[in-house]
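Could you put the whole structure together from the sequences, leaning on the hints where they help?
Each chain, letter by letter, is given below.
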Amino acid sequence: MLKSRTLILLISIGVIGLATPFSIASDQPQSVDVIAELIDQADDGATVTVPEGIYQGNLIVSKPITLLANGQVIIDALGSGTVIELRTEGITLRGFTVRGSGSTVDHEPAGVRAFDGPVIIEDNRFEDVYFGIDLRQSPETIIRNNFIIGKELELGRRGDGIRLWWSHGCVIQDNTAIDLRDMVFWYSEDLIIERNKVSQSRYGLHFMYSHNTVMSENELTDNSVGIYLMYSNNITLKHNRVVNNRGSSGYGIGLKDCDDIIIQDNALLANRVGVYIDNSPSSVDAVGLITRNRLSFNEIGLLATPITHDNVITENAFIENEEQVTVHGGGQLTLNSFEKDGRGNFWSDYAGFDLENDGIGDLPHAPRSLFRNLLAREPNLRIFVHSPAQQAIELTARAFPDLSPQPMFTDPHPLSSVPALQLMSSSDSTNPWPMAALSGGLLLASLSVGWFIIYTPGRSQTQRLHHLRSVDA
Amino acid sequence: MTTISNDQYCGLDHRSNFSPGHTSKGYCTLLFARREFLDALSSRWFLLYTIAFSMLSISVSYMSLAGSGSQGFAGFGRTTAGLLNLIMLVVPLMALIAGAGSIAGERERGTLLYLLAQPITRTELLFGKYIGLAVAMCCSMGFGFGLSASVLAWKAGGVGLGSFSMLILLTCMLSLAMLSVGMLLSVLSRRSGVATGLGLFCWLVLVFLSDLGLMAGTVIFKLRVQEVFAIAIFNPLQAFKMGVIVNMNASLDVLGPVGTYATRTFGDALSWLLALTIVAWIILPLLFAMLVFRKRGGV
Amino acid sequence: MINAKQVTKKFGSTRAVDGVSFELGASESLALWGSNGAGKTTLIRCLLGIFPFSGQANIGEHDVQRHGKLARAMVGYVPQELAFHDDARLERSIQFFAKLRGMRVSDASRVLDMVDLSGHESKRVRDLSGGMKQRLALAIALIADPPIIVLDEPTSNLDASGRQEVVETLHRLRETGKTLLFASHRPDEVHTLASRVLVLEKGKLIKDVTPAQLWPTHHSLQTIRLHTTSENDDHAANVLREAGHTVNLNGHGLCVSVPNNRKGEPMTLLAQASIGVRDFEILENIQPSESNEPNAHPDVALNAHKQSSGKQS
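Protein chains in written order, with my numbering: chain C, 1 to 473; chain A, 1 to 299; chain X, 1 to 313.
For the record, the hints were derived by calculation from the structure and aren't laboratory data. Every residue gets a Cβ at the ideal spot worked out from N, C-alpha and C, and that includes glycine.
Take a look, some chain X residues computed to stay more than 12 Å from chain A by CB distance:
| # | residue |
| --- | --- |
| 1 | Gly55 |
| 2 | Met132 |
| 3 | Ala243 |
| 4 | Asn248 |
Listed next, with one range per pair, are the computed distances between beta-carbon atoms:
| # | chain 1 | residue 1 | chain 2 | residue 2 | range |
| --- | --- | --- | --- | --- | --- |
| 5 | C | Ala420 | A | Ser59 | 19 to 29 Å |
| 6 | A | Leu276 | X | Lys123 | 46 to 56 Å |
| 7 | C | Ala366 | A | Phe234 | 36 to 46 Å |
| 8 | C | Ile307 | A | Arg44 | 53 to 63 Å |
| 9 | X | Arg15 | A | Phe288 | 25 to 35 Å |
| 10 | A | Gln226 | C | Val105 | 25 to 35 Å |
| 11 | X | Ala271 | A | Leu291 | 57 to 67 Å |
| 12 | A | Phe234 | X | Ser21 | 45 to 55 Å |
| 13 | C | Val449 | A | Met63 | 27 to 37 Å |
Dropping the structure here:
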C-alpha cells in the first residue's frame, strides 16, 4: 500500500518534471510554479490546460494565453497577496477555483487582478478572497459566470466583489457575489451589466462617475443598498429585482447627482426605501424617468430630497409601502411630474374611485399625512411608526383639516388598477408548507387545548384523589 | 352523617399525613384556572374577542398581500407590520378588561367571599384565575394567528416562518403582561365597573397617551435618541413592537435614529433587553397584585 | 375546636370586632347574637381567616391567619345568601367545590341527595328558590364532611318553610356531633340549636351564656310578622325597638320576637303610635328541645336584648 502510493508520487513528480500536460487526481498541494512553467512553455495565444489539483502561491500571467482548468483546479494564495494577476491583454481565465487572497487593506489583495484589457474571466469560483475581480484599466473585458464569496468580515472591512477602474466597454454577466462590499464601477463607460446576483453585501451595484450603461435583469437581495448610482449619467436600469435591501441606508435604488436616468420595469420589494433620489437630475435640461416599476412592501416607496426636480414618475405600482412617497427633511415634490400623457401611477392607498371606468381615477391622489410630515421634520419620531398612536395622529389630522399639511405630491391621474408590468420573474420560490403547517398546528393546538380543558380534568383527577380523603365524622 | 366507604379509607396513619378536605396548591390553582377558562369560554366577550381578532388578522393579512401578484413573498414584513398595529390595539384592550373584571367581578357579585371561605389561599385563587384567563386568551389568539398564517402560506409562501412564530410568542407575552396589569387593577378596585374603567384608562395611556406624550416631549424638549429610547422602552407595547421588529429585521434601523442608536448600543443584547422588559411587566404587576390581595384582605 | 384570643378587627378607625376571646369545644353549638353591625359577620370572617386581624384564632390546631387553608378545610361555611355565578349550573358548581376539597364527583351527588336537591342538577343557580340555594350551600358545606359548620344568618332570607328545613337539617347535624357556629337574629333558632350564646355589642363580647339564660324558657319566644298600613316600615320598627322588642326588616313586613304570653303587645304599641296593622301572622316555631331552668332574671336578658337591637344600622 505504502509502496504503491510512493510509486505514484514518484511518477507524478517525474511527470511534472517533464511538464507534460495531463491530469491526475491528487490531494497533494503543489506550487503555482507548476502552472507558471506550463505557461512559460506555451506560445502566445495558446491554450494551457491546467491539471486537476491544488496549487499554492501567487500566480502571475503575463502572456496572452487561454488558461483552462481541467476539472477541479484550486489556486490558493494561502492568505497573502493577490491570487492571480493578469498583466497583459488577451488572457482568458476559465474554470478555476481561486481562493485564499490576503486581507490587508493597504494592498487590496484580490482573487484576480487584471492590469490591461481586454481579458476574459469566465466560469471561475472565488472563495475567501478580499477583493474578487479587480480590473485596473482593462477595457472591453468580459467577466462572466463567476461565483464570488468573500471573507467573513464586517461590512465596512470587506473588499469589493467586482471592481472596474477606468475600464470602458466591459461585459459583466451572470456573476454571483455574496458576502462582499460592492460590485463597483469607477470611471467606466458603456458597460453591459446583466443577470448578476449580489446578496449580503454592502451595495449590490455601485456606480461612481460611470456613464452610458444599461443594467438589466440583475438580482440584488439582502444587501444594505441594492443599486447605488453616484455622479453617473445616462444609465438605464431595466428588469432588475431589488429585494429586501434593508441596511442602515437601505435603498433599493439610490441616485446621487445623476442625470438622465431611466428606471423601468424593476421590481423593488421590501427594501427600507424603494427608490431614493438625492439631487437627481442635477444639471439643467437633464431629466429622470421612473416608470412601470413595482414598488411594494418597502418602508418608504420613494424618498426624495426637497430640491429634487424634473423627474417623471409614471405608471408605477406603489403597493403597500409603509410610506408611499416622502420628502427627506420635509417639503414637497411639486417640481416633479407624477403623470405622463394623462397616466399616473397606481397607489394602493388611493381613496378615490373610477366611475368612468377608463382606468384612471376620477380624483387626483394627493395624500396628506400629518405624521409623515412630522417624521420628515423630526426623524427621532420614527420610533413611533407601526403603533396605534400614529393612527391616532392621522385620524386627528383628518378630523381637523386645519391640521392637515400640504400634500407632498399630487398624482392628477392615478391608475385605478395595477398596470401590467413586465417584471423579472422571481427565481426564489418558497415552500408554503411549513407556514401551512404552522397554521394548522396553531388551529389544532388552540382547539385541542380548549377541548382538553373542557373534557379531561374530571377524569384525570379521580386518580389524584386516591391520595386525598375526607374526614369520617 | 354519611361515612366514607372503606375503599377510600386507608387507615389512621394516612389521615395524620394528609390534612383532609383540601387539595394541594398546584391542583387548587389548576381548578381555578379551569373554572376561569370555562367561564371565559362561555362568556360573550370571549367569543366576540376571538371572532374579532380572527377576522381582523385575516383581513389585515389579506389586504396587505392583495395585488401583490407573484411578489407576495416580499410582503411578509408589511403584513407583520399591519398585524403589529392590530395586536397593539386589540390585545392590550382585551387583556386589561379581562384581567380587571376577574377579581372585582367576583367581589361585586359576592362570590369572592364565598370562595375565600373555602380551603384555598388567596394566592391560589389569584394565580388560578390568571392562568385560566391567560390560557383562554392565548388559545383565542392562537386561533386567529393560525388563520392569518394560512393566508400567509397561500399568498406569501413560507417566508418568515421564524419571525412569525416569534411574533406569536411575543404577542402571548404581551397579553400576559397586560393581563397582569389588569389583575392588579382588579385587586385595587372595589367594584368591577371601576376596575373596567381603570382598565380602559390604562389602555388609553399605554396605547395612545404615553406615545403621544413622548412624541410631544421629543419635539418640544428636543430629546436625544438615548433619552427617547430609554423612555419608550418602559412602555410594554413599545418594547413589544421593537422586539418584533428587531426579530424580523435583525436591527431597529427602520425606527429611525432612535432605532439605530439602540441597535448600535445594545447589539445582540437588544432582543433580550426587550423581552426582559415584557417579562418584567408580566411578573411585577402580578406580584404586586398578590401582595395587595393578601395584605388588604378585602372581599 | 375553635379558639379565639383577643380577636380585633378595625375598619379604618371603627373596631368592628374588639378583643373577642372564646373557646368552642367539639360538638358544641355556639350562636352569635347581636344586632346588625354588632360584629357577628365580621367575627365569622375573621375566624375563617378571610380578613386579616390582630389577635389569634385557631381552628383545630391551625392558626387561621397563617394556615388558613388547613383551618378552612375543617369548616363548612354557609353564607347568608349563596352567591354564585347566576349562569352556572347547579351540578357543575357543586362539582367544582367538591374538587376544591379533594372529593369525588360522586360525593357531590351524595350531598345533593342529602339536602333533597337531586333532580335539579341541570338547573341554573338563578332559577333556584331561596330555600334551595341555602340547601345547596349546606350541601357544599357538607361535601367533605368537615367537623365544623359555620353559618352566617343562614335563614334570614328564607320564608318559614325554608327556614324550617334548614333548621331541621342543622339540628340533625348537631346530633351527629358536628360543631356548629352560627350567627342568628332569631331567638327560636338560637333556642333550638345553640348550646351557648355569645352576645356581641359594638364588636365587644358582652355575654357568654346559654340560650336559657338569655331567655327564660317559660317565656319561650315566638316570632310574629306584622304588615303595617304605613309605607315606611322603618318608623314602625323604631317604635317597637324603643319598647324593647327585637325587630327585623329582612323579608316582607316586620318580624318581631315576643314572649309567648305577650304577643299582642307590638300591635298595641303600633296602635298608640297611630300605625295601623293590616295583617299579622305567627311564624312557625320549633320548641326548644331542652328546658334548663334559667338563673338570670328575665329583665336582664330583655335589657341586653334591647341594647343590642337598639343600634340597628
